[in-house]
Structure formats: C-alpha cells, structure tokens
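Trainee: Following the hints, complete the assembly by docking chain B onto the known chain A.
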Amino acid sequence: MRFYRALLRLYPRSFRQEYGVEMESIFRARRRESTGLAVGALWVEALADTLNNGLRVHWDHLMQDVRYSLRSLLHARGFAFTAIVVAALGTGATTTTFSVADHVLVRPLPFPESDRLVMVWQDQRARGYSRIELSIGNYLDLKDRNKSLAGLAAYTSNPVNLVGHGAPERLDASFVTPDLFGVLGVHAAHGRALIAADGEPGASGVALLSDALWRGMFGSDPGVLGRTIVLDGLPHVVVGVMPGGFEFPTRETDVWLAFRLAPDEDRANMFLRAVGRLAPGVTIEQARSDLSTIAAQLEREHPVANAETGATLHLLRDQVSPQARTLIVTLVAASLCLLLIACFNLANLLLARALVRQREVAIRLAMGVSWERLMRQLLTESLVLGVVGGALGVVLALIATPLVAQLVPTTLPIPDTPSVDLRVLAIAAIVVLGTAVGFGAVPAIRTTRHADTGSLREGTRTGTTRTTERWRSALVIAEVAATVVLLVSAGLLTRALWNVQGTDPGFRSDTVLTARTALPFPKYAPTEQRQQFYDRVLNDVRALPGVANAAYASFLPLVMRGGIWPVTLGGRGDPEVGTVSLRLVTPGYFDTMRIPLHRGRDVAAGDTMQGPLVAVVSDSFARRHWPDQDPIGRQFFVAFFERTVIGVAGDVRVRGLERDSEPQVYLPSRQVPDGALIFYAPKDLVVRANVPPTTLVPALRQIVAAADAEQPLSDVRLLSDIVAGDTAGRRAQLFVVLGFAVIAFVLAAFGLYGLLSFAVASQTRDIGVRMALGAPPRRILGMVMGRGLALSLTGLAIGAIIAAGTGRWLQSLLAGVDPVDPGVFGAAGLLVAAMTIGGASMPAFRAARIDPIDAIRTG
Amino acid sequence: MLPLSIATFHILLSLAVEDRHGYGIIQDVIARTGGSVRLSAGTLYRSIHRMLEQDLVLEVHERPAPEDDDERRRYYRITSFGEAVARAEARRLTDLVRLAAASGLAVEEA
Numbered sequence: 001m002r003f004y005r006a007l008l009r010l011y012p013r014s015f016r017q018e019y020g021v022e023m024e025s026i027f028r029a030r031r032r033e034s035t036g037l038a039v040g041a042l043w044v045e046a047l048a049d050t051l052n053n054g055l056r057v058h059w060d061h062l063m064q065d066v067r068y069s070l071r072s073l074l075h076a077r078g079f080a081f082t083a084i085v086v087a088a089l090g091t092g093a094t095t096t097t098f099s100v101a102d103h104v105l106v107r108p109l110p111f112p113e114s115d116r117l118v119m120v121w122q123d124q125r126a127r128g129y130s131r132i133e134l135s136i137g138n139y140l141d142l143k144d145r146n147k148s149l150a151g152l153a154a155y156t157s158n159p160v161n162l163v164g165h166g167a168p169e170r171l172d173a174s175f176v177t178p179d180l181f182g183v184l185g186v187h188a189a190h191g192r193a194l195i196a197a198d199g200e201p202g203a204s205g206v207a208l209l210s211d212a213l214w215r216g217m218f219g220s221d222p223g224v225l226g227r228t229i230v231l232d233g234l235p236h237v238v239v240g241v242m243p244g245g246f247e248f249p250t251r252e253t254d255v256w257l258a259f260r261l262a263p264d265e266d267r268a269n270m271f272l273r274a275v276g277r278l279a280p281g282v283t284i285e286q287a288r289s290d291l292s293t294i295a296a297q298l299e300r301e302h303p304v305a306n307a308e309t310g311a312t313l314h315l316l317r318d319q320v321s322p323q324a325r326t327l328i329v330t331l332v333a334a335s336l337c338l339l340l341i342a343c344f345n346l347a348n349l350l351l352a353r354a355l356v357r358q359r360e361v362a363i364r365l366a367m368g369v370s371w372e373r374l375m376r377q378l379l380t381e382s383l384v385l386g387v388v389g390g391a392l393g394v395v396l397a398l399i400a401t402p403l404v405a406q407l408v409p410t411t412l413p414i415p416d417t418p419s420v421d422l423r424v425l426a427i428a429a430i431v432v433l434g435t436a437v438g439f440g441a442v443p444a445i446r447t448t449r450h451a452d453t454g455s456l457r458e459g460t461r462t463g464t465t466r467t468t469e470r471w472r473s474a475l476v477i478a479e480v481a482a483t484v485v486l487l488v489s490a491g492l493l494t495r496a497l498w499n500v501q502g503t504d505p506g507f508r509s510d511t512v513l514t515a516r517t518a519l520p521f522p523k524y525a526p527t528e529q530r531q532q533f534y535d536r537v538l539n540d541v542r543a544l545p546g547v548a549n550a551a552y553a554s555f556l557p558l559v560m561r562g563g564i565w566p567v568t569l570g571g572r573g574d575p576e577v578g579t580v581s582l583r584l585v586t587p588g589y590f591d592t593m594r595i596p597l598h599r600g601r602d603v604a605a606g607d608t609m610q611g612p613l614v615a616v617v618s619d620s621f622a623r624r625h626w627p628d629q630d631p632i633g634r635q636f637f638v639a640f641f642e643r644t645v646i647g648v649a650g651d652v653r654v655r656g657l658e659r660d661s662e663p664q665v666y667l668p669s670r671q672v673p674d675g676a677l678i679f680y681a682p683k684d685l686v687v688r689a690n691v692p693p694t695t696l697v698p699a700l701r702q703i704v705a706a707a708d709a710e711q712p713l714s715d716v717r718l719l720s721d722i723v724a725g726d727t728a729g730r731r732a733q734l735f736v737v738l739g740f741a742v743i744a745f746v747l748a749a750f751g752l753y754g755l756l757s758f759a760v761a762s763q764t765r766d767i768g769v770r771m772a773l774g775a776p777p778r779r780i781l782g783m784v785m786g787r788g789l790a791l792s793l794t795g796l797a798i799g800a801i802i803a804a805g806t807g808r809w810l811q812s813l814l815a816g817v818d819p820v821d822p823g824v825f826g827a828a829g830l831l832v833a834a835m836t837i838g839g840a841s842m843p844a845f846r847a848a849r850i851d852p853i854d855a856i857r858t859g
Numbered sequence: 001m002l003p004l005s006i007a008t009f010h011i012l013l014s015l016a017v018e019d020r021h022g023y024g025i026i027q028d029v030i031a032r033t034g035g036s037v038r039l040s041a042g043t044l045y046r047s048i049h050r051m052l053e054q055d056l057v058l059e060v061h062e063r064p065a066p067e068d069d070d071e072r073r074r075y076y077r078i079t080s081f082g083e084a085v086a087r088a089e090a091r092r093l094t095d096l097v098r099l100a101a102a103s104g105l106a107v108e109e110a
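Which chain is which? The protein sequence lines are A and B, in order.
Sequential numbering of the first sequence, starting at 1, is according to our numbering.
Sequential numbering of the second sequence, starting at 1, is according to our numbering.
The set of hints was computed from the structure by calculation and includes no laboratory data.
Please note: incorrect hints may appear among the correct ones.
Not close to chain B: a few residues of chain A, all C-beta gaps over 10 Å, as computed [said to hold, decoys possible]:
1) E18
2) M23
3) I26
4) A38
5) R56
6) V57
7) V106
8) R131
9) R251
10) R288
11) L379
12) M785
13) T794
Quick look at which bits of chain B chain A covers, simulated, 3 or more residues with Cβ under 8 Å [what the hints assert, rightly or not]:
14) 29-36
15) 45-53
Chain B is faced by these chain A residues, among others (derived, beta-carbon under 7 Å) [claimed, not checked]:
16) S14
17) Q17
18) Y19
19) E22
20) D49
Heads up, the beta-carbon is just placed ideally off N, CA and C, and yes, glycines get one too.
Here chain A stands alone, though its shape is the one from the complex (with noise of 0.2 Å):
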C-alpha cells in the first residue's frame, strides 16, 4: 500500500489530493479480490497505469494553465510585448556568441578521430620561432624515423592558373603529399582522393577538386572525371571532386595537386606544413619527445642548416591562437552579462506584474484553489513568456551569427559560418527555462506566500511591497552594475582599435590599388622573362591617364606574412645573424608604396645579375648590425649571395599592425638565378592612382591580357582595405561587444524607470500626504531623482570594481591601452548619470504633479 501511495506522488499535488483517497481505496478493493499472481499483475498494471495517466494529467494541466496564460497575457500586451522583447535579446546574444563559441573551440575538426589529428613544426625557439615549417629534408626524415605517428602527411599552397576553360583563372592550390587523404581519413566525394601511384617521380599530373569549384566552374558536371585541365601550362587530369565542407588546409583550397618531394633540397629552405596522426595507444607528449629525439639527431647530422632546430607537434584543434580564444571567450562573457541583465529585468518586470496581481491570486486563494496549482500557473506564465522570447531570440541568433562569421580564425580547417545546429538549440532551451523558471519562480513564490486576506481590502498596503521593493532595487543595481562592466569593455576595446587603426603600418595605403598576376613555372622560370613581363605591365600602366606610379613586389605586407630567410654577416659559411623579411621587388616600389627611403636610393632597372649584386634594407636592419655607422656600401650575405647595401627604407609592419615584423630586406627583381626563389618572384602589382582607383581595373585587365593571354589577374583590393581586414576581427568584436552595451544600457535605463515610475504609483498617497503637509513639489521631484541616482551609483560602483578586474583580463587585447583607463570610466559614469537622468526624470515629474486632494481622497 505505501508503493501506491508513493506511485500517487507522480500525478500533481493538486490531482493527487482531489483523488488520491479514493484511488487507493479502488487499488486496495482490487488487491482484496486477487490472489497469487494476480497480485503481480496488479502490481504491473498499477505502475503502467500511475506512469501513463501521471504524464497526461500533468499534460493537460499544462495545457490549460498554457491557455490561462495565453488569456491573461493577452490583456496585459505592453507587459508581454516588453518581456518577450527582453527574453529575445537574452538568448539571441548568449545563442549566437555559443554557437561561435562552439564552432571554433569545442566542436571537434570534421574528421574521424580528430582529436588524434597533429601538425608537426619545426622549433627554432633560440631564434623566435616556435612554430616554423619543415624543410623537405628534415620532413622526409621525421616522417620515416618516427615511432609515435601512424602517418605524416606534408602539404604547402601555391596559386596556379588555370587555362583553356573560358577566361584564364588563378587557383588556390594545395600541393600535398597523397597520403593526407589517409592521415585526415576522408574520401572523394566523386571518383577519387590522390593516391601514392600520383606522387611518384614522373607520374601524370593529376587534380582533385574542391566542391566549391566544381560546382562553380564546372557546373556541378559528374563528367569533369577523367577531363584533362591545364595548370600553369601542364595538364591535369581530374580524378576526383571532395566533399563540400572539407575546408583542409584551409577554406580558399580549389584543388589539391600532388606533391612531388625532391629529397636532396636544402634544409634552410623550411616552408612544408605537416598534419600526421598519432598511433594507437601514443600520448601527444610521448610523440612529441620521439619527434625531439629525433630533430637532436638531425642537428648532429646537419649541423648547419638545422643548427639550434627542434621538431615540436601541437593538436590540430589548437590551431588557435590565444588572442583569438580570448575575443571569443569575452564575446560569451558579455553576453551572458547581457543575459543576466535581460534575466533582472524580466525578474523586474514580473515582480512588478505580481504585485499588480496580488488580489487576483488572493481571491483565487480564497476560492480554494491550491497554492501548487496557482504557483504552476504563475511559472507557466513566465515559461510561455520565456519560450516566445527563446524562439524569436533564436531566430535573432539565425540573423546574427553570419554577421560574426569574422571572429572565426582563418587557421582552422572548418567552414568560415558556425552553423546553429541541435547541441546550440538544447543550449538556448536549457537558458529559456532557467530564465523563465528561475526568474519566474521568486515572484511566484512572493505572490502566492503573501496573498493573505488582507490585501483582498481596498488600498491596503502589507510588507509585501516593501521586501519586493527591496528585491527590485537590488535587481536594478545589478543591471546597472552589469551595464558599466559592458560599457567599460566597450570603451576600453574602442581605445584598444584606435591605438591599432593609429599604427602607422610603414606605409601609405590610400589610393593604391593592388592586384595579384601569379606568374606560372617553369614557363617563366627565367628571370629575364618575367622581367619583360613585368616590364611591359608596369609601362602600359604608368602610361593610363590618373596613374601616379606602379610597381610589383613578391608579396604585400600584412597579407603575407612570412617569406623570410636567414642572413649572415661574413662569408658563406658563417652562422646566421638573424631572419629577415625578404622581398623582390622592381624600381618605384618604396615611391608607389610611399615607404620613406631614408638613405641611398631605389633599386634601379640596370640592377642586373651582370652587375654589382644590390639590396636596401630596412632602418631596423642597419640599426641591428651597423649601429651608429653608415650602412651604404656595407655587405651581408643573403638568398645565395653577398650583396652590398645601396639604400636603406622605413621600417615596414609586414606581420600586421600589432606583431613585431623581421627586418626587411628587398632584392632588385633582376637579381635572382633563373629558376631560383620562385616562391619570391613578384606577383604582387601595386598601382598609386590621383583617381578613384577602382575606375583603373578594366584597363589593368586589357593591360595583363595584352601581355600574356594567358595570364589571370586575381586579388585586386585597395591597399587601404587590406590595412582595414587586418583589424577586422578586432572590429567585428567590438561591434558585437558595444551592441551588447547599448542593449544593457537601454534595459538598465527601463529596470529603473519601472522601479521609480511603480514607486511613485505605489505611494500616490504618501506622496500626496506630504505635499498637504507643506513639501514643494521640487522636494517630491528630488526625492525620486535622489532614489535613482542612490541606485545607479550604487550600480556605478560595483560596476566599476568588477570592470577593473574585466579589463586586466582583457588585457592582452588592448594593444597596451591601461585596464583602468581614466577616460573610458570616465565616460562609462557619464553614461550611467545619462541614464540616471532618463529613467528617473519622468517618474520624478509625475510625482511632482500628483494632486495631493486627489491622491488623499482616491488612494
């Protein structure tokens, strides 16, 4: 009988004490008229039946209290339409800030076993590279010698233009060694991933194509298989398409080509990445010690070119760098800040409804419906509340998330959009009901605790109103409190952005237009035939109307940042003095560029391998080896030869205007070995116009394709949109972050105009009192400003204190702006008193007005 009595606890309380007397008496009838193994089946069929009906009456009391909600909402619209408002914006922000979240630094890579997944570097920590790529050589023998991998796959990306299909095109090409596709585990979506057969010497040339192109220029064709397509001049045959969403090694990749290794290169030349898998049963620090006993072995080897290098591997989910895990991880903290201050209000505005409906619940107390079901009435209220705002707020978070699609790193193998999927939705329903059910239930409870008879009579007051009170406040001083902190953060990223827009990168970047003509080898492997290319491109082009000069270069600052090569000071065998940033570049670079040569001069067009072998190098690579000493005319050894200095430029921020770049150092492009540096030949053209310079592309164009039919022009961007990108995930999270402040602000500013404007209702009759007693009406007025200020500057402090804190976290995003910048808390207090203002002025005047006859008679 007790079994029964506790199966009866599943139905509801209220249910429960309406039938539960006479259900037992009904089981204990029945246990009476069984015996033997009846009793067990009664026993079956009492728990079946308490489960089954349990469910649906909890079901059907759901529904109605659903539909009593629905009812009441819909006669107190502003209080609903405000409500939802704020659920909406609560979940929105926290959905979409989640799902970045999630998509960049938990969900695992789109490969089986990705957290097995490695990529292995070369460690010249001794000078400033821990993570650096490897050279073939030192690839091949890693990859062979190691114990802990169960395969090391090698890649490296190059443009490669494709020809004979409509216009010459310039693709993003991944050069890899066939076995990445085993190491990743994935599969050709059509036909078939390369295989070892491809990267065998004198293998046919084979290509296997990204789904994105496929679908572009090939139409989505299942007949590409087996067509032959022409690559820098050499045909491909397309052996397979990959699926869509393999973005490796990253979301550019058009088409992988197999990768040939010639094991005899040198082992300076150090620009393969790796990706390998470890072994069965291996820890990632075992194989990183194999790897290390390794590279020990190697610099015995090549005491040279591996001098001072170890081998190192890190996951490949942690491809992240730590300035980008910090701005995802503020972004979430502001908008659970944003929650919470959405969670208050929602606190704030219900506490205010409960207090509206305290005689309606007390008349239904008094009617005799059971406190449980009136508190399940009230929640459901604020469940319904919750659940409409949750829905729009994911809708919010739909439109949202492709806005912050910038935070997400390029160095990641994953799509550039987060994708709200399952995981997200359960993470946005379980903060609606916490909201809904925690925010909800303190107001039920008071509402339902103190609706005694007494407030059934007129106009009485009871304490209720004044710990209510009290519960307001304190909620109102926390939204305040939560506003600052958002504010400050706001503030402090907005300095930080303006101390990084105000680097000065080295350079002049308005009016240059760039564009990109990768020349294809070994077509024009000699020297001498991309000069004339170069040659007869830059002369057309300084020849259009409104061109004030041209130039090309082996790559742009700020978008690639490598390209560097150790130099030595003395003859060839000397040891290293340090890696610079090497550039090749033709005359009128530092003029097109406007970077300030300080000293010599240009490179010059009889610059020639015939000649004296030249080079201008940068201000900081003159200081750091001849300080305080002319360094014209000085020699130093670099990219296979001694070459003198002729001139001596401003120093260029070519790894991006908040990271330390290496010297530079810039070749006449003349000056290079047919055939050799190829990954420096310039294929960058930059163009300084006194026009729009947008309005030059279709003449550039002519201008390419007069020179070599064959030859795509790709990337052409403003300069000064390059030097913009590179803070664009800076100012995509500080428009995130100040969004989330003027939500905060404007919530805040709402949480105290319902606090004071209910206060100032509440005690009509107080106030009215006062006034007959002789209080001027500026007395009232500043009463309820001072009850508003007392509260926002209670906010305002608490705010600041823990704002203070935020900002020493934030600390390594602020590009060395103080934490507790004066100006910023400053402003944030100004705001706040703002605010003060506006949420307190009306409620003050409508106290001040109050008819002190009319409040005493009426209230």
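Mentor: Structure of chain B alone, referenced to chain A:
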C-alpha cells in the same frame, strides 16, 4: 469534442443509468462489457477530472441510499450536456455501423 475517448463514453453510459462513485463506475463498465473494458483508477480519475471541467458530469453531494453509502466516496452525475454529448456519440457510431453495412461489412446481430 467527438469522437469521445472509450473511457469517457463508457463513464457517460454508466452514469446515464444512475449516479455512481468511482469504483462503482469501474465495476459497472466491467459488468456491462462482460469484462472486455476494465478502466484503471488512473484513467478513470483523469477522465473524470477532465469531464468535470467540460461540464459533462458533476459531483453530487446528496447520497443515494444510506446502505450503499461510503463516507470517502464522491458520487458523479451526468449533466444534460453530458447526455447530449453521449447521444451524439451514439448517433455517430450508429451512422458508422450503417455505412459499414452498406459496404457489405455488416456484423451479424448477436
């Protein structure tokens, strides 16, 4: 409201004869259907709870005969609305049977 659930219809049929308490309804339904319909306590009271809200039945406080009375038991009575609904349901079922017969699916009268 139609079609009624089996439990609801049987409860209405049972109460159409006289006022009954919960256990009385269960036993009456068993008796009238020859044991083929046995309402469980949960189903019964869940249905009654809902039928009370729908005004199909009401709780009566005057007790029928003193010898049948039990202190703990509540008695239920069919309302006129309940009778109308039961009648409509019966008509619906009759029409259905008639349609079945027209299709040659008639069941022989017992």
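Trainee: Now tell me, hint by hint, if it's right for this structure.
Mentor: Hint check results:
1. E18: Non-interface label on E18 of chain A violated, nearest chain B Cβ at 7 Å vs cutoff 10 Å.
2. M23: At about 4 Å from chain B, M23 of chain A fails to clear the 10 Å cut-off, so the statement is violated.
3. I26: Non-interface label fails for I26 of chain A: nearest chain B Cβ at 5 Å, not farther than 10 Å.
4. A38: holds, 13 Å
5. R56: violated, 6 Å
6. V57: Its Cβ does come within 10 Å of chain B, the nearest being 5 Å, so this is violated.
7. V106: holds, 44 Å
8. R131: Non-interface label stands for R131 of chain A: nearest chain B Cβ at 66 Å, farther than 10 Å.
9. R251: holds, 57 Å
10. R288: holds, 63 Å
11. L379: Its Cβ never comes within 10 Å of chain B, the nearest being 20 Å, so this holds.
12. M785: holds, 51 Å
13. T794: holds, 49 Å
14. 29-36: violated (count 0)
15. 45-53: holds (count 6)
16. S14: violated, 10 Å
17. Q17: Violated: closest Cβ of chain B sits about 12 Å from Q17 of chain A, beyond 7 Å.
18. Y19: Given a least distance of 4 Å, the restraint on Y19 of chain A holds.
19. E22: holds, 5 Å
20. D49: holds, 4 Å
The structure shown violates the earlier hints numbered 1, 2, 3, 5, 6, 14, 16, 17.
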